[in-house]
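Please build the complete structure, drawing on both the sequences and the hints.
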Amino acid sequence: MTDVTVTATATTQTTATTRGSTTTGDRTMPLLEGRNLRKTYRLGRTNTVNALRGVDVAIEAGEMVAIIGPSGSGKSTLMHLLGLLHGPDLNHGPRPELSFAGQPMVDLGEGERTRIRAREMGFVFQDFNLVPTLTALENVGLACDYAGVRGEPARQAALAALALVGLEERAGHRPAELSGGEQQRVALARSLVNRPRLILADEPTGNLDSERSAEILALLRRSNLAEGQTIVLVTHDAEVAAACDRVIRMRDGRIQPAASPVPAAETLVAGDRLLATA
Amino acid sequence: MRDLGRRKLRTTLTILGITIGIWALVVFGSMANKINALVEGGSTYYEGKVSVSDASGSAGGFAVAPMSLSVADEILAIDGVAVVMPDVTMLMDAEGASMSMSLPPMIAGSLAGADEGRETFPLNYAQGRALTPDDEGSSVTVLGADLARQYAVGVGDTFTIRGVEFQVVGVLEPTLTAPDQTAMVPLQAAQELFVASLPPMIRESIDPATIATTLTVYPADGVDPEVVADRIEARVAGVTTMTGKDFDEQIGSATEIFNAILIGIALISLVVGGLSVVNTMAMSIAERTREIGIKRAIGGSRRRIVRELVTEAGLIGFIGGAIGLALGALVVVLANEAGRPSGNVLFELTTGTAVTAVLFSTILGAIAGFLPAIHAARLDPVAALRYE
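Line order of the protein sequences matches chains L and H.
Just add 340 to wherever you are in the first sequence, counting from 1, and you've got this note's numbering.
Just add 16 to wherever you are in the second sequence, counting from 1, and you've got this note's numbering.
Hint data in this document are derived by calculation from the structure and do not stem from the laboratory.
Among the hints, a few may not be true.
Under the rule of at most 20 angstroms between Cα atoms (straight-line distance), these lysine to any residue pairs were calculated in the SDA-like manner [to be verified]:
#, chain 1, residue 1, chain 2, residue 2
1, H, K261, H, E272
2, H, K24, L, T475
3, H, K24, L, P472
4, H, K24, H, T327
5, H, K24, L, A516
6, H, K24, L, V471
This is how it looks when you write it as structure tokens:
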């Protein structure tokens, strides 16, 4: 993870500019837009953690965005808010706003948010998070089921998604019989199966070696290009961040002003080293 | 549902817990059924009539001391009495029955048709025919279902009662109460058998044709048996009466206590079984917190999660209940077969008991799963995902 290749940075930068020009052409509303996003967690009776201290963020449709920052910077919290897993704090400050595909999300009930998660979003996690008792096919099929697709159409969709990640032959295997890279590909298939507008990936390569990481990133990029899916991924890994169109850097619950569209890889790595020794 | 099969050990243990509870419920419930059937049969038998016996000795409603038939004429003269029918009933075993949970085999002699159609206790014939007035003077018998089965005799066979051979002319359908263990004979035959059992000195001074052990009194239409019983006790010396109400008071209250104990034992085993289900479901769901977090995160609704978990718990309850019922039924059948030669048929497994047991365990399982399921579905998906 310490070796950051300059070539990767260069190639993605060109991709970013070309894609940037296409999205700004039609001047549409951002897919995701948040204002005054705050989140405070309680730890025990008296301790509270200000995970997000007021964040404004906009993510355009078709973008592949990395959120980076040291541990505790609020990057996962931001992702949970964007993915409707948590709601922003409503008290102690200006009213938060969050829109997804033009619709306001803040006042939605749990049931409606669950429905949007099922139909419009796909999730990938660091530790794969497959249901251990279900086969790869059933795990992918579960996402279809939650999105209201059942029976043979669901089976076909799940098989197609597994084929997309190159795992159709492993469809009948359970997670314990799959390698880490394969499990993450199943999770990726699960996130893609409903062709959601938005894929949210929380440290998707955190538990994988560099070769498997590259595979997952390539698959994410492919679906971003092929389906125009918007991808938001949280990462520690400068190399992963460098493969994205844009980077949102976070520190202490706030977004750092963007100095350049691509992070200075050296500072990122240095930051991680600092954290590791601290 | 496929989840169940893949969590074999815990599922098996949970099912075992329920199985034991339901097994106990089925076995004890069947025992209570049998006792209830006996009591209910007695209650039905004594309903609407008055049984009169000698005041000097009676046991459980069956008179053991003889009374003169002249008493019958005295009773018939009482206002409100329609018919008086003499019966001779006695234990089949002259030495007296051994201690037994159920009714001992009996001999019952009566004059066929003497009730003038007033007897309401239903008797159905599996084989052969009922006794008729023409049978008086001959040695024929109609056997109760249990007796016929126990001695493997049917119509046309001979059946020996107290050393006298009787021709079997009919076999009753099971009634689940006294008649199952009874050999019905003509009155005259019963009178002779009764006198033969008396000590020689007394025997010689008695004409068999003049005695009865019980007089069954049928009140006239619309007359309360209680009123008739009171009149008989007031007018006739040396007799005691028994009505349906007396029977219910004497026998019914005793069996109620016994039933309460049996049901209590079954309920305790069920509570223990039920708690083990609640515990296992709670543990199982706690262990799956992370999985529930995953499902919630990728769009599984709360309702969906609760439904899944409750269905699973209900299915576990159903399987446990079905196995418990099967094992209970096996015990009931084996114990009844083992007890039949000695007349100890203690269990009666009814459809109602079987259905109740399985339904109960299914509902118990679902309820046991419900609270932990609600709790799990309300967890914050992000926190649930971090749960180890």
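Could you work out which of the previously given hints the structure breaks and list their numbers from low to high? none
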